[in-house]
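Chains as they are written, first to last, in this note's numbering: chain E, 1 to 134; chain R, 1 to 134; chain Z, 1 to 134; chain Y, 1 to 134.
Incorrect hints may have been included.
Chain copies aren't distinguished; within one or between two, either way the pair holds.
What the hints assert, rightly or not - Calculated cross-link-like contacts (lysine-lysine; reagent style DSS-like; alpha-carbon spacing at most 30 Å):
(1) K5 to K87
(2) K53 to K68
(3) K119 to K68
(4) K53 to K119
(5) K87 to K119
(6) K68 to K87
Honestly, the hints are just simulated from the structure, not real lab data.
Protein chains: 4
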Amino acid sequence: MPTDKIFRHTVRVPYAQVDIMGFVYYANYFIYFEMARAEMMREAGLPYTELEKQGVMLPVVEAFCAYKSPAHFDDLLHIATRCTEIKGTRLRIEYEITRDGALLVTGHTVHVCVSPQGKVLRPHPDLRRLFMGE
Amino acid sequence: MPTDKIFRHTVRVPYAQVDIMGFVYYANYFIYFEMARAEMMREAGLPYTELEKQGVMLPVVEAFCAYKSPAHFDDLLHIATRCTEIKGTRLRIEYEITRDGALLVTGHTVHVCVSPQGKVLRPHPDLRRLFMGE
Amino acid sequence: MPTDKIFRHTVRVPYAQVDIMGFVYYANYFIYFEMARAEMMREAGLPYTELEKQGVMLPVVEAFCAYKSPAHFDDLLHIATRCTEIKGTRLRIEYEITRDGALLVTGHTVHVCVSPQGKVLRPHPDLRRLFMGE
Amino acid sequence: MPTDKIFRHTVRVPYAQVDIMGFVYYANYFIYFEMARAEMMREAGLPYTELEKQGVMLPVVEAFCAYKSPAHFDDLLHIATRCTEIKGTRLRIEYEITRDGALLVTGHTVHVCVSPQGKVLRPHPDLRRLFMGE
């Protein structure tokens, strides 16, 4: 039985993020991942700004995206986000972007918890509780 | 006789910054202005990173751009930059972007010198000397 | 009695758009202007994608922004947008960005209607009706 | 004996692409990858604009980045790029970003050749010749 929780967020594609082919430029999906991640943390009750106040930052150490089908200007994109692993000092988040039920993009990011001085920390216990349902 | 000095910088337009029409997206010219401004400061002998170490930041308080003709993907753009006014606490920088001699964009930014705490400072004397030739 | 109509839109500031000072990078407000402009057109009943299908594009010929107070990561920004002038071939849109009632940014853009071939057109009659209440 | 060729490109980090932590925002490295990729194609004698004129586009179907150490504002980054595989309809490009010899970022992108109508094409023979030395 999966203990992880799925969070959902929606973004409207601005003109700024679409390229000559009429497709969302490939790097911009990582911005959507970040927006969805921030909403996930807010909904889970631990906004990123709150985490930062506690002296914890979550830099990305790995990012991946697979592009199945392009998103266009003005599309309403649905982003499903879930934390699938917290292991050692690493935290893995997976993403699926759909439009009207059609899968456009999948991806993941891997993060570490670090102090403002850059020291790697053990993942904040709240993260485990909030995202993994433990 | 104008005492101000013109600085020149060149940027190649990446795919990331071009829109569906095949034109550089309008907000991105302000990034080119910033890149040219940073090179102007480096060439003048006061890199922005150096200014920051001295506790001075140069936030923008006003920005303007007039779009005459579009730039495209892979264009090599020439940006002429000069500081045209340092008055009270304000510093005005003007920009002209050309491609093969054709004028594409003109614009300006207005900056104030502030401390890291946000206190408005008198413009750094070096700025006056370096940019206005005084 | 002003006949123009004010449209309202809200954006959440992503991490991607905030600079070292912790402020929204100055060029990014022009993206917020564009997002608000697109919503204005959708609400007015003439989405930009619909206008494009009719062979009309609205490139920006002038853009201005005055920065009063900085926006930060995760801020919820309110953008008030109105079309203040349609004259000759030009259309002027004004913007005000606030956070919790405090004014952060004001600005405007000027647009022309052009065909896909770049020919300047008289402003689409719907634009006058929808935005100016005429 | 490796037949692939390494291409080198340099970018200066603008203020626009650096986040609150003072690090280049994670999505922006994909822009550097694209800039290096475009220079690789130009140097190899087949600029991307030329490829497009021949009716071939190279959309990204997969993108990956591993972040070892952060880049900062004004850093001069060196990007080594090579095409490591052309197989079936897919083309794989690998990237390494260094600063003063220190490795900051590694990554790759996978591309397909498509027609303007979106039809997947066999990789352009010139690509094989230029990048793989075959």
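Hints, verified against the model:
no.: 1; hint: K5 to K87; verdict: within (17 Å within a copy, 38 Å between copies)
no.: 2; hint: K53 to K68; verdict: between (38 Å within a copy, 25 Å between copies)
no.: 3; hint: K119 to K68; verdict: between (37 Å within a copy, 14 Å between copies)
no.: 4; hint: K53 to K119; verdict: both (16 Å within a copy, 23 Å between copies)
no.: 5; hint: K87 to K119; verdict: within (17 Å within a copy, 42 Å between copies)
no.: 6; hint: K68 to K87; verdict: both (29 Å within a copy, 19 Å between copies)
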